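Asks: Turn these sequences into a full structure, and let the hints guide you.
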Amino acid sequence: MLVARDLVRRYGDLTAVDGVSFHIDPGETFGLLGPNGAGKTTTISMAAGLIPADSGSVTVAGEPMGPGEVHVKRHIGLVPQDLAIYPELTARENLMFFGRLQGLRGQPLSRRIDEVLEIIALTDRAKDPTKEYSGGMKRRLNIAIGLLHEPTLLILDEPTVGVDPQSRNAILESVEALSVGGMAVLYTTHYMEEAERLCDRIAIIDSGRIQAEGTRSELITLTGGVDHIRLAGAGQSAATQAALRALPAVEQVAADGHTLTLTVRDAPTAVAGIVTTATGAGMTLSEVEITRPDLESVFLHLTGKALRD
Amino acid sequence: MRAARAIAAVELRRFLRDRSNIFFVFLFPLLLVLVIGTQFGGGGGNGRVAISGTDSALNNAITASLEDDDVTVTRAGAEAVRQQVARGRTDVGLFISPAAATAYDAGDPVDLEVVPGTQQGTQATLQRVRTAVAGLSVERGQVAALVGAGIGDTQARAALADAAAASTPPELTVVDVDSITQEFAGLGQFDLGAAAELLLFVFLTSLAGATTLIQTRRLGVMSRTLGSPVSTGQALAGHAFGRFTIALFQGAYIMLATAILFRVSWGNIWLSLLVLATFSAVAAGAAMLIGSLLDNDGAASGIGIGLGLVLGALGGCMLPLELFPDTLRTIAHVTPHAWAYDAFAQIQRHDGTLVDILPALGVLVAMAAVLLALGTWSLRRSMSRAL
Chain A
1 MLVARDLVRR YGDLTAVDGV SFHIDPGETF GLLGPNGAGK TTTISMAAGL
51 IPADSGSVTV AGEPMGPGEV HVKRHIGLVP QDLAIYPELT ARENLMFFGR
101 LQGLRGQPLS RRIDEVLEII ALTDRAKDPT KEYSGGMKRR LNIAIGLLHE
151 PTLLILDEPT VGVDPQSRNA ILESVEALSV GGMAVLYTTH YMEEAERLCD
201 RIAIIDSGRI QAEGTRSELI TLTGGVDHIR LAGAGQSAAT QAALRALPAV
251 EQVAADGHTL TLTVRDAPTA VAGIVTTATG AGMTLSEVEI TRPDLESVFL
301 HLTGKALRD
Chain B
1001 MRAARAIAAV ELRRFLRDRS NIFFVFLFPL LLVLVIGTQF GGGGGNGRVA
1051 ISGTDSALNN AITASLEDDD VTVTRAGAEA VRQQVARGRT DVGLFISPAA
1101 ATAYDAGDPV DLEVVPGTQQ GTQATLQRVR TAVAGLSVER GQVAALVGAG
1151 IGDTQARAAL ADAAAASTPP ELTVVDVDSI TQEFAGLGQF DLGAAAELLL
1201 FVFLTSLAGA TTLIQTRRLG VMSRTLGSPV STGQALAGHA FGRFTIALFQ
1251 GAYIMLATAI LFRVSWGNIW LSLLVLATFS AVAAGAAMLI GSLLDNDGAA
1301 SGIGIGLGLV LGALGGCMLP LELFPDTLRT IAHVTPHAWA YDAFAQIQRH
1351 DGTLVDILPA LGVLVAMAAV LLALGTWSLR RSMSRAL
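Protein chains in written order, with the numbering used here: chain A, 1 to 309; chain B, 1001 to 1387.
FYI, nobody ran anything at the bench for these hints, they're computed from the structure. Hints are not guaranteed to be accurate.
Derived list of chain A stretches under chain B, where covered just means 3 residues or more per stretch with a C-beta under 8 Å from a C-beta of chain B [to be verified]: (1) 69-75; (2) 81-94.
DEER-style ranges, computed between Cβ atoms [said to hold, decoys possible]: (3) A/GLU173 - B/ARG1002: 31 to 39 Å; (4) A/GLU132 - B/VAL1355: 50 to 58 Å; (5) A/SER207 - B/ALA1313: 52 to 60 Å.
Remember, it's a predicted structure, so these values are computed and weren't measured experimentally. Note that the Cβ used here is the ideal one computed from N, Cα and C, for glycine as well.
Replies: And the structure:
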């Protein structure tokens, strides 16, 4: 459905996207997981034909995509990170406007508006100005506009930013339903849980480069099966860290204030020795937490920093 | 083209949805036209005369004569008439004392007091008063001569009326030599104010509305629009057309409302609409330029309103261009307002034709072309920034 090859985009001296390649098959949900500033939005802006790539190419449904490829954009439903709606207009008026931009008219447009209003559960509020909506309602309308013309590829750029947990769950359920319906989805997020829940395949992106790509289980194997143990408490010092590094099960020790994060093999077995060593080296523990591998661990493993840094 | 129309339509819808516009777009211009017309507008026709005096044959005869001459006559007390003259609300004050009324009834010599104003056109109106009074004297002399010849008073008056109806007397046209007075000849009370306020508000509304362009970028709607099957050219055309539609709507509303409420004469309506359309295109270009050069809608609103007021004042929307010194009047023509003002003056006052307004239209079209080109170029750059 979408093929991106060696995409590069520079802003002055900054290379925002540096050789990004990926593909999305029909009916597949593909995630771009990375922290803010990783290059996710720039990547999807090129994928959606909003901005040109300095080099590389994008094809959608086999056709080259770019800012001038107007007819190719019919395949795409774009849900930008900003709430791209007019606050003084009602939901129906917003849908009517964006539907017209997609080439829809008359009865088919009205019918389709009724359908998407039903999907996002805003039928009762369709005639209210959207400035009176809650953040979650606006987010749902934002997605509905992307779905209006029944695209074959839906591009969602962090669609759950700033919404309450209930609306967030509703949005995630909607996206799950879309992939079941056969729509290809490109989903960017910096929430690991969303990527794990929604995406068939995930690309981890940082500093404009894709660090790794694969299914969730494929990515987790990249960590080498290591676990993490977080020790929180007072009295940690260089000596404590050195003592812990000396343990055979410990591969890495990272300090952050009163917290030590240890990369270890087989944490359940190693935790007792680690606690003994830490307390013996002068640390008074207030909290011990074992974390088995997840995408956060993968990101940490690949980049050496936390996903939300 | 469909996309451009959709963008223009939604821009107009947003404009109408803004509640603050109810006052500033719909009520405020009409209030200003009313105030300016009431305070400074001529009464129309051949001047204004305020008469003080009790109801009498003399009073009625002078009033009838003046009104026959298309002079607007009002009646008030002596003090009120003096105030009207002093404040320029009437051209001439005429005072008919009870003694004068009685003397007239008795056929004796009559003394009348006249107080002329200081504004342009006073001398012409004063001459009309003299003519009316002289006419009464002549008629009285004719009646007296006939009565003296043995004809009854009633028959004498009837014979004079028949004679007047049967003959076509030479028509006296009082021409004011003052060029400024001549410039305003033929204008109704609210006509000048309506044209000036139309120009002021079309530009002001357009420039103030430039903020919606900034909001469209900031809200991400511009990105979403370009993520749709809409070319950059179509999006630019849509926003330019949207600005133009709003300006045209504001102007057409003022034309229609003032024509209905104040009986403003817009002359040849098609020519007036042509002037409005070209002026609206200039305003649309200016609005696009401001809305694309600035990224802060508060700043854009402030600059837009400030610039709109300054250009309006310089362009003759607050003080008629005819009252400007020559140098300032020349300078005023750097504004589109002054050219549109000239065109409306030709159409409203002098029954101007298309040929008469072609120079002004040509300048307005050139201004619109330059501003729309600059606005489009600037908006294209700002759209790139927004992406």
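Asks: Is 50 to 58 Å right for how far apart the beta carbons of A/GLU132 and B/VAL1355 are?
Replies: 55 Å, holds
Asks: Between A/GLU173 and B/ARG1002, does the C-beta distance stay in 31 to 39 Å?
Replies: 35 Å, holds
Asks: Do at least three Cβ atoms from the region 81-94 of chain A come closer than 8 Å to Cβ atoms of chain B?
Replies: It holds, with 10 qualifying residues against the three required.
Asks: Do the beta carbons of A/SER207 and B/ALA1313 sit within 52 to 60 Å of each other?
Replies: 56 Å, holds
Asks: If you look at each residue in the region 69-75 of chain A, do at least three have a Cβ nearer than 8 Å to any Cβ of chain B?
Replies: This one holds; 4 residues, not fewer than the three required, reach chain B with a Cβ under 8 Å.
In terms of the numbered hints stated before, the structure departs from none.
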